[in-house]
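Whenever a hint applies, use it, and build me the whole structure from the sequences.
Same order as they appear, the protein sequences are chains A and B. Here the UniProt record's numbering is used: the first residue of the first sequence is 1, the next is one more, and so on. Here the UniProt record's numbering is used: the first residue of the second sequence is 1, the next is one more, and so on.
Watch out, some of these pointers could steer you wrong.
Examples of chain B residues lying across from chain A (beta carbon under 10 Å, computed) [what the hints assert, rightly or not]:
(1) T683
(2) W686
(3) A687
(4) D690
(5) S705
(6) V734
(7) R741
Label pairs and their computed distance ranges (CB to CB) [stated by the list, open to error]:
(8) A:P246 <-> B:D792: 19 to 29 Å
(9) B:R138 <-> A:R315: 38 to 48 Å
(10) A:R315 <-> B:E303: 55 to 65 Å
(11) A:P246 <-> B:L44: 36 to 46 Å
(12) A:A171 <-> B:L638: 53 to 63 Å
(13) B:A783 <-> A:R315: 20 to 30 Å
(14) B:G181 <-> A:P246: 21 to 31 Å
(15) A:P246 <-> B:A788: 22 to 32 Å
(16) A:R315 <-> B:L780: 24 to 34 Å
FYI, nobody ran anything at the bench for these hints, they're computed from the structure. The beta carbon of each residue, even a glycine, is placed where N, CA and C say it ideally should be.
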Amino acid sequence: MAVTHDVPPRLDDLVATAHRIREAIESVIEGKGDVVRLTLTVLLAEGHLLIEDVPGVGKTMLAKALARSIDCPVRRVQFTPDLLPSDITGVSAYNQQTREFEFKPGPVFANIVVGDEINRASPKTQSALLECMEEHQVTVDGTTYRLDAPFMVIATQNPIEMEGTYPLPEAQRDRFTARIAMGYPEPAAELEMLDVHGAASPIDKLEPVATTAEVKALIEAVRAIYVSQAIKRYAIDLVTATRHSPDLRLGASPRSTLQLVRAARAHAALAGRDYVIPDDLQALCVPVLAHRLLPSVEAQGQRRLPEQVINDLVRRVPVPEAQAR
Amino acid sequence: MRLPIAAGAATGAVAITLYPLFQGGAWFWASLGVILVVTGVGVLATRYTLPTWLAPLAQLLAVWIYLTAVFTGDEAWARVVPTKESLFGLAKLVVLGFDDIQRFAVPVPDNPGIVLLTCGGIGMIAIMVDFCSARLRRSALAGLPLLSLFVVPASFLSDPLSWVAVIIGALGFLGLLAADGQERVSHWGRAVLVRRTPSFVAPRPAADPGTLRLSGKRVGFTAIALAILLPSLLPTLEPDPLFGFGVGNGNGKGGNSISVPNPIVNLRGELSLPANSTVLTYSSSDNLPRYLRLYSLDNFDGEQWTMPETRGRPDDLISDGPLPPPPGQGPSVPTSPVNLEITVSEEVRNMNFLPLPYPASRIRIEGDWRPDRDTLMVFSTRDTAGGLTYQVVSQEPRPEAEQLKDAGPVPQAIAQRYLALPENLPREVADKAREVTEAGDTPYEKAVKLQEFFTTTGGFSYTLATQGHDGPALTDFLLNSRAGYCEQFAAAMAVLARVVDIPSRVAIGYTGGTNVSGRWNVRTHDSHAWPELYFEGAGWLRFEPTPSGPAGQGTAARPAYTLPELPTAGSDEPTSQPSAGPTGSDTPTGAATNPRNPLLDRDFGGAPIVVDEGMPMAAKIGIGAVFALLLLLIPAILRWEKRARRRRVYSRPAVVVEPAAQGGGQDTGLVAVRSNRGQAGVTAAWAEFDDALCDYGISREPSESPRALARRLSERYEFAPEAAASMAKLAEAVERMLFARTPAETGSLREDVRLVRRALAATVSRGRRIRAVLLPPSTLLRARRLGARVLDGFDRLENIRISRPARRNA
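Have a look at this one:
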């Protein structure tokens, strides 16, 4: 694709930095370029990512690789049924020397928080994440603590083995910008994995390729990406279509429109473009919208997944056209 | 509940078509009452689910009570309950009604007997319609009784029914069918499948019954529109049924029938008919030809001469006695009786007016013929003249020039009716009239001057290649073109005469024809129009402004009294014709020997008048084929024109969008202009590309973005690198124009569009390429979209009408 020369310099930087991060992650996760790209898109869109797949396909590895390739504080929480909200947010502990209560920050105080098997924690603990994710702050004992930017939650969950789990409620799913499935690797990629991972884990050798400041700058650059009125209308058309589809019991929320456009900005920036095109939105519709929708009884009866419904809708909603005369 | 009401409405709608049969409106209100009674009983029967056989009986009883109350209330008990006396009264009225129907021609007066019969008939039809639709649930079958009602006016009237009435009747039946359909659908009940619909999601069920209903209405309305419009487009049917007037009898040009001139002056068709068929033959007691008049038009509305409304009264039958005296004819002007025996050809259709010499005093003819008292036109609403032979006695006035000069003042009634001119008559026309008649002192002299103006001094010429006879055409004929045929001449002279205060009207009929073996033979080419002017004492006199002879209307002739310079004393046939076809040498005429009027000499051997006979059939077919070809090429031409226009736009030189910061306020405007120009170029190029896709039959999803489309085409059709680059450039240009902050700096896109077009063309077959040029689908699609928009507009109108608050229980 021809990179046009009126792109501001920092967009070029962005592309280069993002490329470095991608390469770093892909050195660990083979053959999952799309997933890596989407992960980066969510990071640049200041969103949170939900990775859903069967065990052993590299969910945690992806989260860890992303965290490692950026030189920033990373915390990992393994969610279990007995995990308490304070285990996430932190506790006020009594210091006997100073004779005062001291706040011990929880794992949420990091730039990237990896929540493993989030559906195993109790709803109470899950909801403790809500405030952090939406408002980038934690309130303990009446005191509010700001979280550093960038702040990204990468949660993983296992769609099978549902016994003893607490599926994420709609409200909480809505807070994740995108949901992706890793999928099994191609045979070739799996073969390469055997070669590389056979001797030692490559993640140990992964060096940070970007700093927090750089990521912040990238996020700033993404915010400046231009979204035309036509594109905004197209995004609304897409989201509205989910609300009117007879195959869906619950359509996408206005928050999802916001996140869709924000993610589209990041998607455009990663492609080196300073404006959003319909293709950006189309590429992001399934990962950004699918996990928020509830299929209708009929659609369930026909075993139609929300992903299929969205793909149908995208095929039906016309893109903005030049007014030809 | 819905069906009985719809059945009543349908009966009412069809009953409206009966209106031309009656003179008054009493029948309508009485019939409306009987329909309401039947409908009311039907509604009750549905409400209380009476047995199927009981409902019509109850309705019959109700109709009986209704008729008793309305027609023989005085003899009924408490004005309502039928008694023996009231029954006898009804029976008497029925007998009276049948008598009246036998006696009167349509339009009949609404006597109680006739109204009773009408009411009873409509009541029966209403009961049958209700029985078929609401009881038997066979609404389509209800069309049969409705049709029988519809046939009544159609069989009694020779004129076509008004199209408005036809539409109302058809809508009534459609309404009944629709109600039946709705009733049926509502019996299906509600859908069992229940889906929880979140309140914020607009409910949009998959199978919307509204859509079904809408498409049903579409089909219905389209059928009605086609039924009304199609016949008017087909040349073999009624030529102008939509916009015909009053008593018109259409020119039956189809089949072997011979057409009759239309009172709505339009004789050119008659005069230029390829087949010059014989309309009638006649013999006269003095063996001289006579003009035969069909219609008299006296109303000039500024556009056209139209016919007054004719009314027949039962006591006016021609068989009952002599015709009314001719208006204005006094004892001072001598008359001479002439007997004519006229035989109308059997092939003549739709001739409801008799061709007669003016003024006819007595006619012996079979059938129901009635005169119009003012104009002495003789017409029938039942019979036609085709194949009839009849005898006419005419008392022809033989005025002397001196008598006409001394004619008295015009009576008020005549002046009021025959001097009326529209307000908007052009001043030039009035000036012309005064200028021409300046030399004349009396109305008669003025009339003669007017005739001279048209035939000799005015420089007029005779041609059939003239359009129309309306207001502007009249001015043009008088002042500019000075070329026309009898229609224009007659209409113009009648108008000018009114300007100079001579009462006038236009007569339509036939000239005297040609003499074949002692009988006068009148053909379609003898169709003619002439003015009649009124002179007190002499009555209505014919004038002849149309040139005659080979260079004019062949058989036209000027009456002797209109040529005052001639020694008229010796002429014993005032309306004499310059005569004679090849065999007519036995008929000498004054006018023919007039050395000053060579035009009046008729010389037509065999083939009658010099009219444009048209071209040979092969040439006609050729021209038709060329015309059809041109019609077929319209989409191609439109497409070509559009493409050329777009190419001009996108071929403009490169547009450089300068940074606005560099320039001052003026430059910013310039940048905006340039930017707009650039956008127009990109838009035009993309539209052209889009149409090319459509023309080559390459599909495109509406959800496909420019970039995705470019990629798909380049990959699927394996474009050459240049073409692929051009494709990508085009897509990026339109993408940037639509979505980027600043549009792309594109140069002329002409080469890119050309490359892409060529690449696309290479992917399709030769046949498709030819079709893309000759019948471009993109243009056809556009036409279809236009049609769809029109239909959508209709649908929106529909929705406005049917939208209403949802009912709780349907």
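Here is what the structure says about each hint:
| no. | hint | result |
| --- | --- | --- |
| 1 | T683 | holds (5 Å) |
| 2 | W686 | holds (5 Å) |
| 3 | A687 | holds (3 Å) |
| 4 | D690 | holds (6 Å) |
| 5 | S705 | holds (4 Å) |
| 6 | V734 | holds (5 Å) |
| 7 | R741 | holds (4 Å) |
| 8 | A:P246 <-> B:D792: 19 to 29 Å | holds (23 Å) |
| 9 | B:R138 <-> A:R315: 38 to 48 Å | holds (46 Å) |
| 10 | A:R315 <-> B:E303: 55 to 65 Å | holds (59 Å) |
| 11 | A:P246 <-> B:L44: 36 to 46 Å | holds (43 Å) |
| 12 | A:A171 <-> B:L638: 53 to 63 Å | holds (57 Å) |
| 13 | B:A783 <-> A:R315: 20 to 30 Å | holds (27 Å) |
| 14 | B:G181 <-> A:P246: 21 to 31 Å | holds (25 Å) |
| 15 | A:P246 <-> B:A788: 22 to 32 Å | holds (24 Å) |
| 16 | A:R315 <-> B:L780: 24 to 34 Å | holds (25 Å) |
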